[in-house]
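Turn these sequences into a full structure, and let the hints guide you.
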Amino acid sequence: MKLNSIYKAVALSTLLLCSSLQAKAVYVATTAIVEHPALDAVRDGIKEVLNESGYAGDNLKFTYESAQGQPAIAAQIARKMVGDEPDIIVAIATPSAQAAVSASKTIPVVFSAVTDPVGAKLVPTLIQPGSNVTGLSDMVNVKQHLALIKEFLPNLKSVGVPYNPGEANSVSIVTALKAAASEMGIKVVESAAPKSSDVMIATKQLVGKVDAIYCPTDNTIISAFESVVKVGIDSQTPVFAADTGSVERGAVAAVGYDYFDLGRQTGDIVVRILKGEKPGMIDVKMADGTSLFVNTKMAARMGVPVPEAVLARATKVIK
Amino acid sequence: MSVFAFLGTLEIGFIYGLVAIGVYITFRILDFPDLTVDGSFTLGAAVTATLIVAGQNVFFATLLGTLAASCAGLLTAWLNLRFNILHLLASILTMTALYTINLRVMGKPNVALIMEPTILTPFEGMFGLPDMVMKVIFVAIFAVIAALLVAWFLNTQYGLAMRAVGSNKRMAQANGIVVTEKVYIGLALSNGLVGLAGALFAQTNGFADSTMGIGTIVVGLAAVIIGQSLFASRSMWVIALSCIVGSILYRVAVSLALNADFLGFKASDLNLITAVLVALALVFPKLRSEWKAKQAEGNNG
Numbered sequence: 000m001k002l003n004s005i006y007k008a009v010a011l012s013t014l015l016l017c018s019s020l021q022a023k024a025v026y027v028a029t030t031a032i033v034e035h036p037a038l039d040a041v042r043d044g045i046k047e048v049l050n051e052s053g054y055a056g057d058n059l060k061f062t063y064e065s066a067q068g069q070p071a072i073a074a075q076i077a078r079k080m081v082g083d084e085p086d087i088i089v090a091i092a093t094p095s096a097q098a099a100v101s102a103s104k105t106i107p108v109v110f111s112a113v114t115d116p117v118g119a120k121l122v123p124t125l126i127q128p129g130s131n132v133t134g135l136s137d138m139v140n141v142k143q144h145l146a147l148i149k150e151f152l153p154n155l156k157s158v159g160v161p162y163n164p165g166e167a168n169s170v171s172i173v174t175a176l177k178a179a180a181s182e183m184g185i186k187v188v189e190s191a192a193p194k195s196s197d198v199m200i201a202t203k204q205l206v207g208k209v210d211a212i213y214c215p216t217d218n219t220i221i222s223a224f225e226s227v228v229k230v231g232i233d234s235q236t237p238v239f240a241a242d243t244g245s246v247e248r249g250a251v252a253a254v255g256y257d258y259f260d261l262g263r264q265t266g267d268i269v270v271r272i273l274k275g276e277k278p279g280m281i282d283v284k285m286a287d288g289t290s291l292f293v294n295t296k297m298a299a300r301m302g303v304p305v306p307e308a309v310l311a312r313a314t315k316v317i318k
Numbered sequence: 000m001s002v003f004a005f006l007g008t009l010e011i012g013f014i015y016g017l018v019a020i021g022v023y024i025t026f027r028i029l030d031f032p033d034l035t036v037d038g039s040f041t042l043g044a045a046v047t048a049t050l051i052v053a054g055q056n057v058f059f060a061t062l063l064g065t066l067a068a069s070c071a072g073l074l075t076a077w078l079n080l081r082f083n084i085l086h087l088l089a090s091i092l093t094m095t096a097l098y099t100i101n102l103r104v105m106g107k108p109n110v111a112l113i114m115e116p117t118i119l120t121p122f123e124g125m126f127g128l129p130d131m132v133m134k135v136i137f138v139a140i141f142a143v144i145a146a147l148l149v150a151w152f153l154n155t156q157y158g159l160a161m162r163a164v165g166s167n168k169r170m171a172q173a174n175g176i177v178v179t180e181k182v183y184i185g186l187a188l189s190n191g192l193v194g195l196a197g198a199l200f201a202q203t204n205g206f207a208d209s210t211m212g213i214g215t216i217v218v219g220l221a222a223v224i225i226g227q228s229l230f231a232s233r234s235m236w237v238i239a240l241s242c243i244v245g246s247i248l249y250r251v252a253v254s255l256a257l258n259a260d261f262l263g264f265k266a267s268d269l270n271l272i273t274a275v276l277v278a279l280a281l282v283f284p285k286l287r288s289e290w291k292a293k294q295a296e297g298n299n300g
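Quick note, the sequences are listed as chains V and G, same order.
For the first sequence, counting from 1, position 131 maps to 130 in numbering that gives the first Met the number 0; every step adds exactly one.
For the second sequence, counting from 1, position 129 maps to 128 in numbering that gives the first Met the number 0; every step adds exactly one.
Computed beta-carbon distance windows for the label pairs:
1. V:58 - G:234: 54 to 64 Å
2. G:258 - V:152: 52 to 62 Å
3. V:280 - G:119: 25 to 35 Å
4. G:119 - V:114: 19 to 29 Å
5. G:284 - V:222: 48 to 58 Å
6. V:280 - G:232: 56 to 66 Å
7. V:178 - G:55: 25 to 35 Å
8. G:136 - V:58: 36 to 46 Å
9. V:149 - G:259: 49 to 59 Å
Partial chain G-side listing against chain V, Cβ under 7 Å, derived:
10. 3
11. 4
12. 266
Result set (SDA-like, lysine to any residue): computed pairs, CA atoms no more than 25 Å apart in a straight line:
13. G:107 - V:118
14. V:203 - V:185
15. G:107 - V:191
16. G:265 - V:37
17. G:107 - V:173
18. G:265 - V:33
19. G:107 - V:34
20. G:107 - V:37
21. V:277 - G:114
22. V:104 - G:139
23. G:265 - V:61
24. V:60 - G:258
25. V:60 - G:260
26. G:265 - V:86
27. V:104 - G:136
28. V:60 - G:261
29. V:156 - V:308
30. V:194 - G:106
31. V:194 - G:100
32. G:107 - V:285
33. G:107 - V:166
If you are wondering where the hints come from, they were derived from the structure by calculation, not from laboratory data.
Ideal placement from N, C-alpha and C gives every residue a C-beta, glycine not left out.
As structure tokens, this is what we get:
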């Protein structure tokens, strides 16, 4: 019985694929709020995956519009796209995605490079959102970050987080971090730094209480990141970061996003829908960080050995 | 252009028609170049969206959004009149301050309304009209009523006094008109209309965003000038409605530019194409009248 239905599903999707390949070109309409290198890379990644999956040349109509940074134009682009009746709308960044979602309840919409899709009301839930919308979130993947710290320190018991409680973004990262850490049996110790001049003291508060320091993508902490690094060296507590840029400034290691790869992960979702899956049944994907930066010099100065496995995986090693 | 795209063009055109009327009041009636609108558009949207998410009545939220934007206009007028700060600079100061205030009001850079009730919810499915058509009719009614009310107001004794202040401040004062009061009322009215436009935009498009006001003044001014160059008239009724027509034509230009990719244009060329189309719309009536004048000359000679 079950086997039968799977067989049917496969047959149906093959049929759909064949008909879409032969009958007419698939039409993928993409839009972004503004043109900048990261968002352009997302678009190029999507297109590459489509080409690799056999949607290329005459089989694919791929359009791209930029709203020039103006939400009013984003709204106009959304209406135009809906009127053109593409097979899929791909909307890059929050305002473009919101405009597309409010313009169509029927055409599948795949969003990308949106940090908080539930907060932006694009989908009601991340698991099987149920509507015509799904996509990829580039929220900081704290689980992956904790796993990386654990690779360096297999006996990791506690992590210290200096952050500014006034930054909404940091608060949500710390909340997510606490949830992920308790699953892994790790304790999170918070330390508040409302101003960049408080960062040094806030970090010192953590010394002796934690095995490692983890800095979220917090503007206050990042702007005074050197003070965190200094405390890390003085107290031999390794400092990890949520963004790869900070590794060059002295963090031991970080996993981050490569936006071209975000585009490729979005492209995978687009291809699944083109092959017949319903967007409402596809979970919103938390993007996997694929670029790993390691700073071996800082690892040595903070007294932590770099595991061979991490070094082999690293996309950039700073010596 | 598809029907759907055309309806979208009309909808956004009508909403920005309110901005155009507001800009007309400051720039043309009061002769007060007011850049506050870049901030008050977002303020109207931010206040309305935040209140709706907090569970307030949608009409009440829209009203408060409009009033908040009016207050922004009053602030600009106060800086100018009370402290003699140059009008342009006073409005830039308010606009700059509003960026922070908008972020504070929303508590984050973007508030979503996609799944919230909006001012449009009670009218959904009315007379069996599709949502897209209903949205256009709704904003059209708002824009036209606003235009007619503004035209009526400017034709009253009070409105005439306000127009006198704009055309000759000293003369107006000599005739016993209280100049400062007219400027306060004019800026509050203008920014209120712009804030209302922001509130409507947030509700028809499902979000308020801290960047949504950027360039509002440019769009509003372009709409005013397009409208006036097409309908040269001194009647307030015609002028107010021509602001809306100008705004729609501006959106048509954007829409045409969006459809220009078959000519080999790229997505990043959008602003240039829009500017060229608007320039053509402005130049054409002038060229035509020059050509006519030349012909008349030829006939006489």
